[in-house]
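K.L.:
Now for the letters of each chain:
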Amino acid sequence: MYKKMKLADTVRIAPDRLAEDVSISVKNALKDKLEGRIDKTLGAIVAVTGLDEVGEGHILVGDGAVYYDAIFDAIVFIPVLQEVIEGLVVETVEFGAFVSIGAMDGLLHVSQITDDFMSYDGKNGRLMSKAGGRSLAEGDHVRTRIVAVSIDEREPRESKIGLTMRQHALGKLEWLEEDRKPKSDAGV
Amino acid sequence: MSKQVYTRYERARIVGARSLQISMGAPVLIDDESTDSLYLAMEELDRDVIPITVKRD
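Going down the list, the protein sequences come from chains S and G.
Each residue of the first sequence is one higher than the last, beginning at 1 in the working numbering.
Each residue of the second sequence is one higher than the last, beginning at 1001 in the working numbering.
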């Protein structure tokens, strides 16, 4: 889920940036330093939105730069276990599909797509169910649940998020639509 | 603000930090043709224009 948080950090302002307004250069430095970074407890920092407070600068020995302590607002994204999330299939491979859930991608394993057996159709880059009724391809919108989270701070790309769609009201949005239809027909 | 009195150690630290800043591209605060960062830093200190203070604790 996305969270708006108030965070504190220290940033280095290089001497050639000292001519600018402090709050502007501190905000830019925070953006450069933090946006796109992944922290184990905070999650992925999506954006630095506002600057609250800039403390006194400190000059350390051996470096001409000034270090400012700052308190700022940021938007972070952290995948939470059991969270239901909608996303977009960005890639299909033999063992499943990668789903973009915002700031990160999650893996939807073949065994977790439907109750049916899914096989990979490499020519069309999609996953087909054995009965042939359902397929999943790049660009499909899906609703999934997060069932595993392993965040790697050093290599954000190595972070793994496991997803499942084998539950009620989860799946490709079209399937959910189909599942709803017969009931409403019976009602009429 | 009355001119701050610094010890020679503090003066050395300020001039050192300031000249390093200038040599790393910080804007110079006095009108001077010189390109010698150490000279510029000492000149700035003499004119009391360096925006650096010393924390004594």
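Hints should not be assumed to be uniformly reliable.
[Unchecked claim] Cβ pair distances, simulated, as ranges:
{"hint": "1", "chain 1": "G", "residue 1": "1053", "chain 2": "S", "residue 2": "84", "range": "51 to 57 Å"}
{"hint": "2", "chain 1": "S", "residue 1": "83", "chain 2": "G", "residue 2": "1052", "range": "45 to 51 Å"}
{"hint": "3", "chain 1": "S", "residue 1": "50", "chain 2": "G", "residue 2": "1004", "range": "43 to 49 Å"}
{"hint": "4", "chain 1": "S", "residue 1": "35", "chain 2": "G", "residue 2": "1010", "range": "25 to 31 Å"}
{"hint": "5", "chain 1": "S", "residue 1": "160", "chain 2": "G", "residue 2": "1016", "range": "56 to 62 Å"}
{"hint": "6", "chain 1": "G", "residue 1": "1048", "chain 2": "S", "residue 2": "154", "range": "46 to 52 Å"}
{"hint": "7", "chain 1": "G", "residue 1": "1047", "chain 2": "S", "residue 2": "71", "range": "49 to 55 Å"}
{"hint": "8", "chain 1": "S", "residue 1": "94", "chain 2": "G", "residue 2": "1024", "range": "48 to 54 Å"}
{"hint": "9", "chain 1": "G", "residue 1": "1039", "chain 2": "S", "residue 2": "21", "range": "24 to 30 Å"}
{"hint": "10", "chain 1": "G", "residue 1": "1006", "chain 2": "S", "residue 2": "67", "range": "44 to 50 Å"}
{"hint": "11", "chain 1": "S", "residue 1": "122", "chain 2": "G", "residue 2": "1025", "range": "53 to 59 Å"}
{"hint": "12", "chain 1": "G", "residue 1": "1010", "chain 2": "S", "residue 2": "100", "range": "32 to 38 Å"}
{"hint": "13", "chain 1": "G", "residue 1": "1047", "chain 2": "S", "residue 2": "157", "range": "51 to 57 Å"}
{"hint": "14", "chain 1": "G", "residue 1": "1004", "chain 2": "S", "residue 2": "155", "range": "15 to 21 Å"}
[What the hints assert, rightly or not] Facing chain S, from chain G, some residues (calculated, C-beta under 8 Å):
{"hint": "15", "residue": "1035"}
{"hint": "16", "residue": "1050"}
{"hint": "17", "residue": "1052"}
[What the hints assert, rightly or not] Every beta carbon over 10 Å from chain G, so not counted as near; a handful from chain S, in silico:
{"hint": "18", "residue": "18"}
{"hint": "19", "residue": "59"}
{"hint": "20", "residue": "63"}
{"hint": "21", "residue": "86"}
{"hint": "22", "residue": "175"}
Hints in this document: simulated from the structure, not taken from any laboratory.
Where a beta carbon is used, it is the ideal one built from N, C-alpha and C, also for glycine.
K.L.:
Looking at the structure, which of the earlier hints fail to hold?
P.N.:
Result: hints 3, 4, 5, 7, 10, 12, 14, 15, 16, 18, 19, 20 break, sorted rising.
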